[in-house]
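K.L.:
Sequence:
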Amino acid sequence: MKRILALPFVVLLCLLALAACGTTSADQKEKEGSGEQSDGGQPKVAALFTQFVDQGNWDVTGYQAYEDMCSTYDFDCDYVEEASYERAPALLRQYAQDGYAMVITHSSGYAAAIQEVAPEFPNTQFVLFSYATDTGGLKNFSAWSVDWDQAGYLQGVIAGLSSKAGNISIVGGEQIPSTERAMALAEKGAQSVNPQAKVSRVWTGTFVDVAKAKQVAAQAIDGGADFVIPMADLAGQGVHQAAEAAGALSLGEYMDENSKYPQAIVTSITVDMAGAYDQIGAAYTNGELEGQIVQMDAQSGAFDFAPFHNVDAEVETAARKVLDGLSDGSTKVPSV
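Numbered according to mature numbering (1 follows the signal peptide of the UniProt record, and there is no 0), the sequence shown spans residues -19 to -1, 1 to 317.
If you are wondering where the hints come from, they were derived from the structure by calculation, not from laboratory data.
Worth double-checking, as some hints may not be accurate.
Taking lysine to aspartate or glutamate and the DMTMM-like style, the derived pairs with C-alpha atoms no more than 25 angstroms apart in a straight line are [said to hold, decoys possible]:
#1 Lys169 to Asp253
#2 Lys25 to Glu269
#3 Lys25 to Asp35
#4 Lys120 to Glu269
#5 Lys25 to Glu101
#6 Lys302 to Asp278
#7 Lys241 to Asp253
#8 Lys145 to Glu225
#9 Lys241 to Glu295
#10 Lys25 to Asp259
#11 Lys179 to Asp253
#12 Lys169 to Asp305
#13 Lys120 to Glu97
#14 Lys25 to Glu63
#15 Lys241 to Glu269
Model, not experiment: these values are computed from the prediction.
Could you put together the complete structure from these sequences and hints?
P.N.:
So, in structure tokens, the structure goes:
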């Protein structure tokens, strides 16, 4: 599978253009949105990731799911690491012009870029994984939308059950709508099991600055927090580092991260990205994308817990009761 870094990729666009970056050759014009196959006859598929696919948790888990999908459905796959939201329109256009049949974006922050580019290339399928409320009526823009409200609520429940001081701090990365809601629901979740819990929220403004997240988390711990919740993707590693150093507890994201921070991490709320990407591959192969939004929530089995550590068994029992309630509908996430 080919890997491309976003910055060199954009530079490459400039070098390949006939006159300047953004100019399209006649041959490229003929290929626009053609959904070509590779020389081996496989559909050409690409993906954009916000960070490196071998660091952190969000893109690591997503890339593993993407790689499995490519193998299962025999796609000819490519991907871009560190694809910023600002560069996304240019990257999406270039893939469509190069005849890629499907482009997957692994973050809700790419939604605006897809809304901009998809109408220009009706024969290329664009898929967003993370969170979306609508796809603008575009038949070539589909989304697998995680219920981050439920995920945030579960994070808060675990923190509220685990914190002995009743003092919890949530450390967010970039201030995007899905994370804002997840933070608010985490506070609700913590207070549902400990009405006296004090929950603070702080933003680092970045998903990649591990040192900054560590500093922010350390300040929260110095201020009395004994449980810190990262909602910062790669930068969240700094939150775990601060917790490990100070004897506080933390919560992993998306995948089991306890082996990296065994004294700090209680569990992780895992997201079934493998199942989602398999559905994406099947839907493309069967011609069933069609602008749909697929909801990923507790009812669909999207969430689970990694093994629990550093807390009494009663914490896991109580947390699973809440997850089971969300799954069967007997527990509802409160409004925010």
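K.L.:
All hints are to be evaluated individually against the structure, with a verdict given for each.
P.N.:
Tested hints:
A C-alpha spacing of about 24 angstroms is found between Lys169 and Asp253, which places the hinted pair at or below 25 angstroms, so the restraint holds. At most 25 angstroms may separate the alpha-carbon atoms for a hinted pair to count; Lys25 and Glu269 meet this at roughly 17 angstroms. For a cut-off of 25 angstroms, the pair hint linking Lys25 to Asp35 stands: about 23 angstroms separates their Cα positions. The straight-line distance between the Cα atoms of Lys120 and Glu269 is roughly 10 angstroms, inside the 25 angstroms bound, and the hint therefore holds.
Taking the CA atoms of Lys25 and Glu101, the gap is near 18 angstroms; set against the 25 angstroms cutoff, the hint holds. Straight-line distance between C-alpha atoms of Lys302 and Asp278 comes to about 16 angstroms, which keeps the hinted pair within the 25 angstroms bound. About 21 angstroms separates the Cα atoms of Lys241 and Asp253, which keeps this hinted pair within 25 angstroms; it holds. Under the criterion of a C-alpha separation no larger than 25 angstroms, the hint pairing Lys145 with Glu225 is consistent with the structure, at around 16 angstroms.
Among the hinted pairs, Lys241 with Glu295 is consistent with the structure: their alpha-carbon atoms are about 24 angstroms apart, no more than 25 angstroms. With a CA separation close to 16 angstroms, the supplied pair Lys25 and Asp259 stays within the 25 angstroms bound. A threshold of 25 angstroms between alpha carbons decides the hint, and for Lys179 with Asp253 the separation of about 31 angstroms lies outside it, so the pair is violated. Annotation: proposed proximity of Lys169 to Asp305 holds, straight-line Cα distance about 18 angstroms (limit 25 angstroms).
Straight-line distance between C-alpha atoms of Lys120 and Glu97 comes to about 14 angstroms, which keeps the hinted pair within the 25 angstroms bound. Of the pairs offered as hints, the one joining Lys25 and Glu63 holds, with about 21 angstroms between alpha carbons and a cut-off of 25 angstroms not exceeded. Restraint check for Lys241 and Glu269: the C-alpha separation of about 40 angstroms exceeds 25 angstroms, so the hint is violated.
Violation of the numbered hints given earlier is confined to hints 11 and 15; the remaining hints are satisfied by the structure.
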